[in-house]
Every structure is written in C-alpha cells, then in structure tokens.
Amino acid sequence: METFERRWDERRGRGDRGPRTTADEARDSYYGVPAVHGPHWNWLIIVYFFLGGIAGAAYAIAALSHLVGPAEDRRIVRAGRYLSLAALIPSPVLLILDLGRPERFLHMLRVVKLRSPMSVGTWGLTIFGGFSAVSALVQAAEDGLLGGGRLGRTVRAWPARGIGAAGAVPALFVAGYTGVLLAATAVPLWAKNALLMGPLFLSSAVSTATSAIALALAWDRGTGEETRHRLERLERVAMLAELGLLVASRVRLGETARPVTEGRTGALLRYGTVGAGLLLPLALQLARPLGLIRSPRILTTLASLLVLAGGLILRYAAVVGGRAAADDPRATFAYARAERDEGPPAS
1 METFERRWDE RRGRGDRGPR TTADEARDSY YGVPAVHGPH WNWLIIVYFF LGGIAGAAYA
61 IAALSHLVGP AEDRRIVRAG RYLSLAALIP SPVLLILDLG RPERFLHMLR VVKLRSPMSV
121 GTWGLTIFGG FSAVSALVQA AEDGLLGGGR LGRTVRAWPA RGIGAAGAVP ALFVAGYTGV
181 LLAATAVPLW AKNALLMGPL FLSSAVSTAT SAIALALAWD RGTGEETRHR LERLERVAML
241 AELGLLVASR VRLGETARPV TEGRTGALLR YGTVGAGLLL PLALQLARPL GLIRSPRILT
301 TLASLLVLAG GLILRYAAVV GGRAAADDPR ATFAYARAER DEGPPAS
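Per the UniProt record's numbering, the very first residue in the sequence shown carries number 1; after that it's consecutive.
Careful: at least some of the hints might be erroneous.
What the hints assert, rightly or not - Computed beta-carbon distance windows for the label pairs:
id: 1; residue 1: 47; residue 2: 296; range: 24 to 32 Å
id: 2; residue 1: 219; residue 2: 67; range: 25 to 33 Å
id: 3; residue 1: 229; residue 2: 161; range: 35 to 43 Å
id: 4; residue 1: 330; residue 2: 72; range: 53 to 61 Å
Bear in mind the hints are in silico, worked out from the structure with no lab data behind them. Note that the Cβ used here is the ideal one computed from N, Cα and C, for glycine as well.
I would like the entire structure built from these sequences, with the hints used as guidance.
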C-alpha cells in the first residue's frame, strides 16, 4: 500500500519530468463528479439554525439573569423567556418540512441513538422545548396573564429558578449542537473545522440572542441603563468570541475555506457577517460614550439588527459553502490526504 501511495505521489509531483497524465487529473478531480454526498438543506434548515440558536441562548441568558442578576434585570428574564419560546415554536415545523417524508417525523422519537448527532439533537430539542414552554408559562402567570384563579396561583408557585437552571443545560446544547451536527459529516468545510464549529455556532447564538433581547427592551422605558449596559457587555464579549473563532477557523481551514472566502458567499460572509454583523456593531457600541449618536435607543436598535442579520448570514454561508465544498472533489481529496498524513492520534 505504501509503495502504491508513493508511486501516486511521485506521479503527482513529477515537476519537469513531463506533463500530468489523465490518470493524475482523474485522481484529483474524480472526473468532476462529487466524491461525497452534499447536504440537501435549503432555507428551512438555515432559518432553523438561526432561530434554534436564538431560542437556546435566550433561555440560558434569562436563566442566568434570574439566578445571579440583580432585581432590575427581571426584564431580561421576562424577555428571554418569551423570546425563547417564540423562536422555538417554528423550529420543529421547519425540521419536519425539511424531511423527505414529513408525516414520519414521529419516527425520530422512537429510539435514542447516542452516536447519531441527529437523534441526540432531536431529543435535545424536545427536552428543551418542554423547559421553554414551562418557563414561558411561569412568566405568563407572573405577568397576570393566567388570571388570579387556581391555575395562576399554582403556576406561580412552581420553582422558577430551579426550572430555569435545569433547562439551561439543554438550552445551551440546542444553541451550539448545530455546529457539531455539521462537523459530524464528510463535508470538507465542516469536518476539517470540527473542533471550532460548535463553539462558533454557540458564540453566534449568544450574540444574536443578546441582540434580540436588547432589541425587545430598546424602547421599553422601564428598562434601566445598568440593565442595558449589562446586555451590551455580554453582547460585546460574544461578538469578540465569534470574531476570534471566525479568524481561527479561517486559519485552520486553509485552502478548504475557498467556498466561504471566494465569490458571492465569500463576499456575504466577509461584508455581511464580519463587517456589518460584528465590526460595525462593535464600533457603534464604542461610539456611545463619545456621544456621536444622541439616542441610545436608536444605537441599540441599529446594532441589534446588524448582529441579527450577520448571524443569519453566517448560517447561510456555512450551509451554502458546505454544499459547494461537497461538490468539489478536489477539496474532498485534499482533506482526506491531510487526514491521512496527520495519522491517528498517539495512544
């Protein structure tokens, strides 16, 4: 086997010893036929990745604020609970519509396959959905939406802090597992960046969820300035983490990153996510103390909308770029050779 591989390498690197043969080209290009099956995903999954991340991160932010935040941060808790459920409700619908046979979606709940990211994700989303619905119900009872009768009194007596703390675990899982789901494939763009896909999607989920909560509270006169500042700091940390992970991913991917650095998709990621979705909102936050924008509400609204748009574009670029990488046999073989050369980890 080693002799065979060495002969192939010698033929590929023949240099001045003659032109590359048809066999050389075939080995690298697979006659232009994709060597792996690319994802069939379209906007249904892209929007699910976006909304699912917001739902999970918004719930976790609300739970954390309830556990350790001051009393004035209760508006964050309230907005996070409602936002989590609102973003979560369309998620299973989008997943079901994406199935080849949507009427068979219940088959996903018949078994638990711990080695299947899709099975684990389905159950994680189901468990998180229960927590999100219960927390939103508790919030509705606290807001008096369930009335003063027996139902309202019973729900208000539930341990909201404990429910939130327990639900934060599946919430964070849902917020970040989509990146892990992509990485658990043979698509070169995702597989080569397996270690960073989960953290990247999680940091983006936190930044978009924080922006969505800040947007919901931007024109609420009852929200204090300290609460707004805390949201802004969390948003800034998440955006900086996302920016750092994007840079690290670019370095790690090398030539494999071409589907998301070149052409229309590359321009969208570069100017839409990095430029308008991260750098510009960070600049707007820095402009607040300078007084360059007189209305903090307008600044918060603009920055939040930019971050949300950037998060959606990131998921679009990841899915569309993954399709392009799967359709390029050269990328597949380059990734396979790199994995072969690195070899298995030392025991």
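How the hints compare with the structure:
1. Range check, residue 47 to residue 296: about 30 Å between beta-carbon atoms, so the 24 to 32 Å window is met.
2. Checked against the given bound of 25 to 33 Å, the beta carbons of residue 219 and residue 67, roughly 27 Å apart, stay inside it.
3. In this structure, residue 229 and residue 161 break the distance hint of 35 to 43 Å, their C-beta atoms being roughly 24 Å apart.
4. Between residue 330 and residue 72 the CB atoms are about 56 Å apart, so this pair conforms to the stated range of 53 to 61 Å.
In terms of the numbered hints stated before, the structure departs from hint 3 and from no other.
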